[in-house]
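2 protein chains.
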Amino acid sequence: MKFYDCAIAPNPRRARIFLAEKGIEVPRIEIDILNGENLQPAFLAINPRGLLPTLELDDGTRFDEVMAICRYFEELYPWRPLLGRTPVERALVESLQRRAEFDGMIAGSEVFRNQHAGFAARSIPGGGDAAIPAIPALVERGRQTLVRFFDWLEERLSRDAYLVGDTLTMADITAFCAVDFVAWVDIHVPAGHAATQRWYAALGARPSAQA
Amino acid sequence: MKFYDCAIAPNPRRARIFLAEKGIEVPRIEIDILNGENLQPAFLAINPRGLLPTLELDDGTRFDEVMAICRYFEELYPWRPLLGRTPVERALVESLQRRAEFDGMIAGSEVFRNQHAGFAARSIPGGGDAAIPAIPALVERGRQTLVRFFDWLEERLSRDAYLVGDTLTMADITAFCAVDFVAWVDIHVPAGHAATQRWYAALGARPSAQA
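Protein sequence lines, in the order shown, are assigned to chains Z and S.
Here my numbering is used: position 186 in the first sequence is 186, and no number is missing along the way.
Here my numbering is used: position 59 in the second sequence is 59, and no number is missing along the way.
If a hint is listed, it holds; no wrong ones were tucked in.
Listed next, with one range per pair, are the computed distances between beta-carbon atoms: (1) Z:Leu57 x S:Asp151: 19 to 29 Å; (2) Z:Asn35 x S:Glu140: 24 to 34 Å; (3) S:Asp58 x Z:Pro133: 46 to 56 Å.
Chain Z is nowhere near these chain S residues, computed Cβ spacing over 12 Å in every case: (4) Ala9; (5) Pro10; (6) Pro27; (7) Asp32; (8) Gln40; (9) Trp79; (10) Phe112; (11) Ser158; (12) His193; (13) Ala194; (14) Ala195; (15) Gln197; (16) Arg198; (17) Leu203; (18) Ser208.
By construction, these hints were calculated from the structure, which means they are not laboratory data.
In this text, a Cβ means the ideal position worked out from N, Cα and C, and glycines have one as well.
Required output: the full structure, derived from the provided sequences and hints.
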């Protein structure tokens with residue numbers, strides 16, 4: 001098995017924290033996205049979308065998408081469940097994970113990619129196709145969405161210790177990675193969001209945060 | 001149990017086709033998004049995001065997101081699996097379903113919402129927050145992404161009868177709904193994409209296509 005990874009990228013980090021929390025070790029292959037290695041023919045032969053993370057099984061089967069990779073490992077190694085313990089909890093984790101991804105991770109990506117000179121010709125991750133230019137208006141849309149993201153986090157975390165009840169799940173991992181990612185564009189947990197600050201400090205103190 | 005639905009909207013339709021394929025009947029409550037019923041206080045009390053579909057369980061638990069709702073039903077009613085039959089197949093369905101959603105459904109939404117006068121002040125689905133104006137440049141980005149979507153469909157469907165092997169899965173359902181949705185903006189399966197045409201006709205002939 002091979003896990004195509006990129007140490008600095010926020011989406012591979014979601015999967016790495018997931019694996020660290022479950023105590024699963026997978027051989028990693030680092031792809032240097034800063035130098036465009038993910039858009040070179042060698043990696044495009046592995047993943048034509050140029051996206052990380054990508055998992056390769058021993059029989060050669062490959063797939064991308066963080067949640068597909070995490071769900072595969074959750075099924076193979078059901079201990080320490082991070083996608084929920086019951087059907088209802090799994091539905092809530094999926095719904096909230098996705099909200100954290102859309103309103104946090106993807107909104108952050110819109111801010112980052114559309115104001116960063118290095119992505120002026122590539123406003124959508126991945127390659128292999130016509131260049132799609134940056135859209136500066138997405139910076140403001142992303143910023144507004146992130147206000148909503150942080151308000152939602154504070155509201156949920158004022159009720160419970162984690163996003164889905166009393167235990168860490170993938171919803172927290174995605175939200176935590178989104179908070180760290182948007183710090184790249186100097187957006188931070190608002191002052192006064194005490195519940196989110198408490199939650200963020202707790203996740204940051206776990207060994208998995210270094211994954 | 002209650003399924004908050006909207007007959008004309010493409011995302012609720014994904015869940016309706018999924019339920020029809022599994023033979024599951026759930027009481028439906030129609031929400032009139034054309035007249036903004038999803039953004040009125042009565043529905044925002046049910047789902048503060050104003051999004052459809054939303055599922056409400058008998059104990060009052062509610063969650064949104066098509067995949068969370070479908071996964072919940074797949075667990076409760078495992079017959080006729082539509083999210084994959086093995087861990088690897090489930091990973092592939094999740095990965096490809098998501099690609100169909102991003103490159104098909106969401107790209108189509110970018111084209112539709114950002115050129116439609118009715119959404120000039122709401123470029124992101126749902127409500128309850130500051131208005132986010134339409135971004136006309138997203139129309140062209142969406143159109144380019146849809147070219148990639150249709151090329152990908154043709155490449156996959158030239159190899160196999162369905163997106164994941166020899167049987168219908170949620171990846172097909174999402175892609176099929178995306179194809180019908182983008183017809184609203186007069187984008188269609190390209191002439192000469194024979195495998196996609198064959199697949200589209202086969203899905204359209206199933207009773208579930210009327211759901």
